[in-house]
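Undergrad: Same order as they appear, the protein sequences are chains A and B.
Be aware that the first sequence starts at 1, since it is given in my numbering, and climbs by one per residue.
Be aware that the second sequence starts at 290, since it is given in my numbering, and climbs by one per residue.
These are computed hints drawn from the structure, not numbers from a lab.
Any given hint might turn out to be false.
Partial list, computed: chain B residues near chain A (C-beta under 10 angstroms) [stated by the list, open to error]:
hint	residue
1	Thr301
2	Phe304
3	Tyr320
4	Glu335
5	Leu347
6	Pro362
7	Leu364
Don't be surprised by glycine CBs; every beta carbon is placed ideally from N, CA and C.
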Amino acid sequence: MDRPTNQKAWFLVLPVLLLVAFSAVIPLMTVVNYSVQDTFGNNEFFWAGTAWFEEILHSQRFHEALARNLIFSAIILAIQIPLGIVVALSMPRKGIGVSICLVLMALPLLIPWNVVGTIWQVFGRVDIGLLGHTLEAIGIDYNYVRDPLDAWFTIILMDVWHWTSLVALLCYAGLVSIPEAYYQAARIDGASRWAVFRYIQLPKMNRVLLIAVLLRFMDSFMIYTEPFVVTGGGPGNSTTFLSIDLVKMAVGQFDLGPAAAMSIVYFLVVLLFSWIFYTVMTNFERGGQ
Amino acid sequence: MNFAWMAWTAPTAIFFATIFLILVGMGVWEYARPGGAPRVGILRFETTRGDRLFVSLLGSAFICLAWLGLVGPNLWWALGLSLVYAVLVFRWV
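Looking at chain A on its own, in the form it has when it is part of the complex (with noise of 0.2 angstroms):
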C-alpha cells in the first residue's frame, strides 16, 4: 500500500483529541486510582490493591444488578429495533405527511429524560395517572409501586416510546436515500414485497441500523434517571439497574473505591459488547455486498 503524502491532516484530529482527554481519558484515569484505593475524604487515600475488584466480582447485588441490565437491554433491543423498522416502513415518501410524520416522531427524543421519568411516573399511577386507572378500570391488578413484574412493564414501554422513533428516523433515512431504480428492478423482476425488504431495503439499512443497534444497547445499558424517577429502583431492587446502584453505592454511601472498580467492571461489559455489536454488522454488511 502507498504511503500517505501529507500527515499534517492529523493536526487537525488534535482539538477532539483534547476534547476527549478532558471528558473521558482523564476522568477514566482518575476512576481506576480510585478503584485501587480506599478513602474517607480530604483527598487522603489509602491503598486497597485489587481489594475492591474481588469484593465487586463477588458481589451478588452486583450480579443481580447486571443480569437486570442485560435482560433489559436485551428486550429493548428486541422490541425497539423491529418496532422500528416497521414505523420506518410505514412512513409516507413524499407529501406534507413527512413532514407530520418526522416533527411527531421527534417529538419524544426533545424530552428530557427526567421529564419522560415524570411523565410516565404520573401516567403509571392508579389514582391519577391514565395508564394505571384505565388497566385497573378494566380489571387488571396494575401497581408498579408494589409489583415488579408491573414495575419493568412501566419501564419498558417508557423506554419504547421515549426511544422507538430514533430507531425509526434512522431507519427512515436509510430507506429515503435508496435509489427508485432498485425498486425498478424489483418490480420488473416480480419481486415480491418481503424479497424487496430483504434484499434491498434491509442492507441498505444495515449501517444506520448498526447505529441504532449500537446506540441503543448502550443507552438501554447505561440507563438511570427514567427508572430512577419512576420506581427509584424498585419495588425492592427489582428494577435497581447497574447505574443506579453505582450512584447509590458512590454519592450515597460514599464508597469511592467500590464504586470505582464498579465502574470500570461495567464500562468494561459496555466495551465488550459493543465491540461484539460492532464486529458482528459490520462484516454482516461486508458479506451482504
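Assemble chain B onto chain A, guided by the hints.
TA: Here is chain B on its own, set in the frame of chain A:
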C-alpha cells in the same frame, strides 16, 4: 500543575505509562509500515493491527477480572496469561 486530585499511585501510573508506550509503539509501527496490515484470521473477519491490539487489551482486562474472580489476587499469572493471549491474537487473529 498539581495532579494530586487524580489520586495517583505508582502501579496505576506504570499501567497508564505502559498503555501510552504501546500506543506510541503502534504509531511508530504504522509509520514504518503503513496500512495497518489487514488480514483475515481465525475469527474469519478482517482485522488490522489496531484491531488486534484492541482485542488483546480488552481480552487481557477480562482475563485479569476472571483471575480475580475465580482464582485470587495474585495477578502476575494473569499478566503472563494476557501476554500469551496477546501474542496469539497478533499471530492468528
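Undergrad: It remains to establish, for every hint, whether it holds in the given structure.
TA: Results of checking the hints against the structure:
1. Thr301: At 5 angstroms from the nearest chain A Cβ, B:Thr301 passes the 10 angstroms test, so the hint holds.
2. Phe304: Nearest chain A Cβ about 7 angstroms off; hint holds.
3. Tyr320: This hint holds: B:Tyr320 lies near chain A, its Cβ roughly 9 angstroms from the closest one there, short of 10 angstroms.
4. Glu335: Since the shortest Cβ distance to chain A is 8 angstroms, the answer is holds.
5. Leu347: Holds, because the Cβ-Cβ distance from B:Leu347 to chain A comes to roughly 6 angstroms (cut-off 10 angstroms).
6. Pro362: Because about 5 angstroms separates B:Pro362 from the closest Cβ in chain A, which is inside the 10 angstroms limit, the hint holds.
7. Leu364: 7 angstroms, holds
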